[in-house]
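All chains, please: the whole structure from these sequences, using the hints.
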Amino acid sequence: MSAEAITGGIASGVPVWLDWVLSNTPSGLVLLDAQARVVFANKWFLSRAKVRLLDMSGHDVLDVFPVLRGGHFERVLHRAIRSGFPALLSQTLHPSPFPLYAPNGGRGNESLLKQSIHIVPMGPSDTAEAGQRFTLIQISDVSPTVARERLLKAQADRMSGLVNVDALTGIGNRRFFDESMVAEVRAASRGGSSLGLLMLDVDQFKQFNDLYGHPAGDACLKAVAGVLRSVCRRPRDLVARYGGEELVAILPDTDEVGSIRVAREVLQKTRDLGIEHTGNFGRGVVTLSAGVCVGSAHTQDSPASLISRADQALYAAKNAGRDRVFCFDISRQVAVPV
Amino acid sequence: MKLSALGLDALAEIFNHGVGQAGLALSELAGEEVQLSVPKIEELSKRAITDQMDARGANRVCAVRQGFSGVINTEALLMFPVDQSLQLVQLMVGNEFPLEQLSEMEQESLAEVGNILLNSVVSSVADMLHIEFEGTLPQVELGLAGDVMGAGEGLDDLILSLQINFSIASRQLQGYLVFLLDVASSEMLEKKIATFIESMA
Chain A
82 MSAEAITGGI
92 ASGVPVWLDW
102 VLSNTPSGLV
112 LLDAQARVVF
122 ANKWFLSRAK
132 VRLLDMSGHD
142 VLDVFPVLRG
152 GHFERVLHRA
162 IRSGFPALLS
172 QTLHPSPFPL
182 YAPNGGRGNE
192 SLLKQSIHIV
202 PMGPSDTAEA
212 GQRFTLIQIS
222 DVSPTVARER
232 LLKAQADRMS
242 GLVNVDALTG
252 IGNRRFFDES
262 MVAEVRAASR
272 GGSSLGLLML
282 DVDQFKQFND
292 LYGHPAGDAC
302 LKAVAGVLRS
312 VCRRPRDLVA
322 RYGGEELVAI
332 LPDTDEVGSI
342 RVAREVLQKT
352 RDLGIEHTGN
362 FGRGVVTLSA
372 GVCVGSAHTQ
382 DSPASLISRA
392 DQALYAAKNA
402 GRDRVFCFDI
412 SRQVAVPV
Chain B
619 MKLSALGLDA
629 LAEIFNHGVG
639 QAGLALSELA
649 GEEVQLSVPK
659 IEELSKRAIT
669 DQMDARGANR
679 VCAVRQGFSG
689 VINTEALLMF
699 PVDQSLQLVQ
709 LMVGNEFPLE
719 QLSEMEQESL
729 AEVGNILLNS
739 VVSSVADMLH
749 IEFEGTLPQV
759 ELGLAGDVMG
769 AGEGLDDLIL
779 SLQINFSIAS
789 RQLQGYLVFL
799 LDVASSEMLE
809 KKIATFIESM
819 A
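One line per chain: the protein sequences are A and B, in this order.
Here the first sequence stands for residues 82 to 419, where the numbers follow my numbering.
Here the second sequence stands for residues 619 to 819, where the numbers follow my numbering.
Hints are supplied without guarantee of correctness; some may be wrong.
[Claimed, not checked] Using 25 Å as the maximum straight-line C-alpha spacing, the simulated SDA-like pairs for lysine to any residue come out as follows: (1) A:195 with B:758; (2) B:810 with A:163; (3) A:195 with B:754; (4) A:124 with A:97.
Since the hints were made in silico from the structure, they are not lab data.
Here is the structure:
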């Protein structure tokens, strides 16, 4: 293409079909000369920028669109013109550089098009032939893709949320507990902090179901899970249903004294619920037993060993008469009442 | 191609200049400091590069490809192990962690990061060795490192390989930049480097 054909603009010296092709191209095309002045813009661009070619032609593109000044677009454009290498501005990093709006929409932010921009300067041989380096800016409207990806991400987030929730109690499920345990044990050993683990079990739960029916059993578990969640409310505390009527709590940065205090509070608040349970050895209400185990950085515990110790402490509490807290003493390797 | 130690030193200087420029541009883009360094420049076979990737358990890569042509023709490939590409995009974009694989829009942002780096490095080569290049737009490719580099042909030919370290928000990420050159272009590059070294003397 000769220099005249390019600089002559669309009005003269260009075949009719080329004008027609450019008018029907479904993306924005803007041609700049070596001084970044607008030589041409196609119909797609003009209708979305809501400007006339007449008002752009011959003006520095940064004067036509002052919002582009001082931003990434300006830097990338000048770098491209200087180096002769094509560049791109991605939508994710620069959502809407040009003030382009959906043709049938207003000028509000909601109808601002999400853009993917290619800046293609002429290479050395075309520049030599044209007498100067022209640069083509090509803009695609990626709004539909962005909307689709957003929807996908939101659904993925919701799904991963559901995958981790216990359907009955609304606290974390076993899978969530297993994954969190691995991550928290690693974090505690890296950070040299202690990690508390509570295992709790509803006393005489089988009898409760036999006496009051399974719907009441479900309601009881929900209420106890609610107590556990209300007590373990620090930002990094994690609570989950381990299985059946067993619940767990992971307490990061919590020592033995703190973990025992949390366990006692959960037991007390569960008694305070006052859920009738005549089959609970004369206590009259639903109670819990708890096993506590605290891992520290220098004991190098695995998730499995912490769980097994908390479980031993829980069974010791059950065997000692229920409705109480036992803690696993690591130095003596035995569960002791607290 | 077999470059002398002196030739590799000269290239290291040229590449470090380009990578330094890219670091500044990426810092502007990310809104925080991005440091880039080139700890290693080597001539390696495609086989050796894929072996290195395999040894790191990262044979699947996400790559940004750009072609440069002129008296020297080369395909420049910036390759990241997939997990590193996810982290890089997350750090640059600064939002939630991406899905298991980069989405179309996230791939485009990786293309932008790669484009800045490749253009800076090749600009530096063009300026210092006085070579004119035409460049293409970047393209993102996912696949096995060997396939992306076009293994099958010349698996044992030496290609120019740079290890590139990214340091963003106190995290370290590692990528490989390789230049695939045909025989004529390799010879031309050697010649240009020799001229450059002479002009420095």
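Need the list of violated hint numbers for this structure, in ascending order. none
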